[in-house]
Amino acid sequence: MPAMVQGLAEDAGKTTSYDSQIGIGAPLQWNYNNHETSQGTPYVDAFPAGNHNTLIITEAVPLQNHLSYSDTYDYANNFYSYAKSNNNSNPVKFYLYETWHCINSGIPSEEPNAENGCAWDNSANSTTLWHPRLLADFPLWSGIVTSVRDDNPTDTEIWMVPAGQAFYNLTTEINDGNVPGIAAVTELFADDIHLTNAGNYFVACVMYATVYGESPVGLTQSINNQWGSAFTDMPTTAQALVMQEIAWETVTDLTPWTGVSVTVPVEWAQNTEAEVLNNKVKISFAAAHQINNAHFEIEHSLDGRTFKPIGKILGEEDLISERWYEFIHRNPTPGRNFYRVKQVDDDGKYTYGNITSVVYDARQTMIYPNPVNGELTVDSPSEDMMFLYNQLGQELLRKSLVKGINKVDMAGLNSGVYFARFGNGTVERMVKE
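Residue 342 in the working numbering sits at position 342 of the sequence shown, with consecutive numbering throughout.
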């Protein structure tokens, strides 16, 4: 998980490092008192160097059991107090990482003499199914944060990484069919509680958004692990975008617990669109309510992952009304081209719009004569569809095209300007005399 967060941060241009102490399945009490036998870097070695500005801890599950019998509230504060007092006088931000119980929560076991739901879990919420239980357990997690705040009344950087609430929102979207290629949230789990790499990527987006206070939308899903090898079985570009958006929405919806609020310098009024036009690609988008917006950067990619800037459009410092912007990519590459718009505000912070794509065929459809009077010739490089529109955007004609020469009767149309759109994304402007 930390390696994925680091990968996101580096993709955003940040320099970062981390240490981690891991006591698998163990409560905070055990991790605090037995740090010398845990995996990774013990907290007593990490903090005295003064190289860290953030502490993230989590409690084991079943949560209620540890709240009752493992002194969770005290040991959460013990970790924070140690970090504050042993960090070379540097300030430390505290985060509680909210997790979840096993996905079998509330499901009776079919095996004889087997425990129902999650192992060793007999708390009040143990009979609640996993999805609604994420909401039911939230007061338990937030109660830990409240306790640490109460113990440190003058400290203002005590927060939560709301991964459980983010999973509630992601599961809702999956159940509604809004996450492409994922039919059930169980596909993001390697077993009844541990995540796949794709699931860990989602949590990394939540953690990045919380700790850095920035949207992860548009960041890479091509990340290396701590040994320098690429993580496998990561989400697709489309899946990653949904995860990034849900992570950011969750974090900013829970401002009292995350400290992250949204002051949006730009409201994306319309999604970014791309279309082939006269052997070039036109990228268009609309923005509204621009506040301290420095500029837009148009970025291009051939794989939908690695983007490079190809142009810049100045923004508006203060503009309430909606405004359309256009940019012409004069040298697209044959094949599929991906585009996105990066909005940069005056202090350097930025957000990304959606990713769009278009197929550019160097063997473009040709139409002639232009202007046309009677019959229009359409030379198509492949089987295609042609849609003819007037200047009001009204569809007047649609015609199936064969590869090669096609004839279209234009005699019955009034004189004026028309637009022919083809299935491959090409748009041609023509004049009827």
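A couple of the hints might just be wrong.
[Said to hold, decoys possible] With a cut-off of at most 30 Å between alpha-carbon atoms, the simulated DSBU-like pairs for lysine-lysine come out as follows:
1) K312 <-> K282
2) K432 <-> K403
3) K84 <-> K14
4) K399 <-> K432
5) K280 <-> K399
[Unchecked claim] Derived Cβ-Cβ restraints for the label pairs, each shown as a range:
6) T146 <-> A119: 25 to 31 Å
7) S20 <-> S81: 16 to 22 Å
8) R398 <-> L135: 45 to 51 Å
9) D155 <-> T37: 54 to 60 Å
10) H194 <-> S68: 21 to 27 Å
11) G13 <-> N90: 19 to 25 Å
FYI, nobody ran anything at the bench for these hints, they're computed from the structure. All figures in this text were calculated on a predicted structure; none of them were measured in a lab. We put the beta carbon where it would ideally sit given N, CA and C, even for glycine.
Going through the hints against the structure:
Taking the CA atoms of K312 and K282, the gap is near 14 Å; set against the 30 Å cutoff, the hint holds. Proposed proximity of K432 and K403 is supported: the alpha carbons are some 24 Å apart, at most 30 Å. Note on K84 and K14: the hinted pairing holds, with a Cα-Cα distance of about 24 Å set against a maximum of 30 Å. Proximity of K399 to K432 is assessed by CA-CA distance (about 18 Å); at most 30 Å being required, the pair is judged to hold.
This hinted pair checks out: K280 and K399 have alpha carbons roughly 24 Å apart, not beyond 30 Å. One distance hint, 25 to 31 Å for the beta-carbon pair T146 and A119, holds here, with the actual separation near 28 Å. Distance hint check: the CB atoms of S20 and S81 are about 20 Å apart, consistent with the given range 16 to 22 Å. A C-beta distance of roughly 49 Å is found between R398 and L135, which places it inside the suggested range of 45 to 51 Å.
A hinted range of 54 to 60 Å for the beta carbons of D155 and T37 is inconsistent with their spacing of about 30 Å. A C-beta distance of roughly 25 Å is found between H194 and S68, which places it inside the suggested range of 21 to 27 Å. At about 23 Å, the CB distance of G13 to N90 agrees with the hint of 19 to 25 Å.
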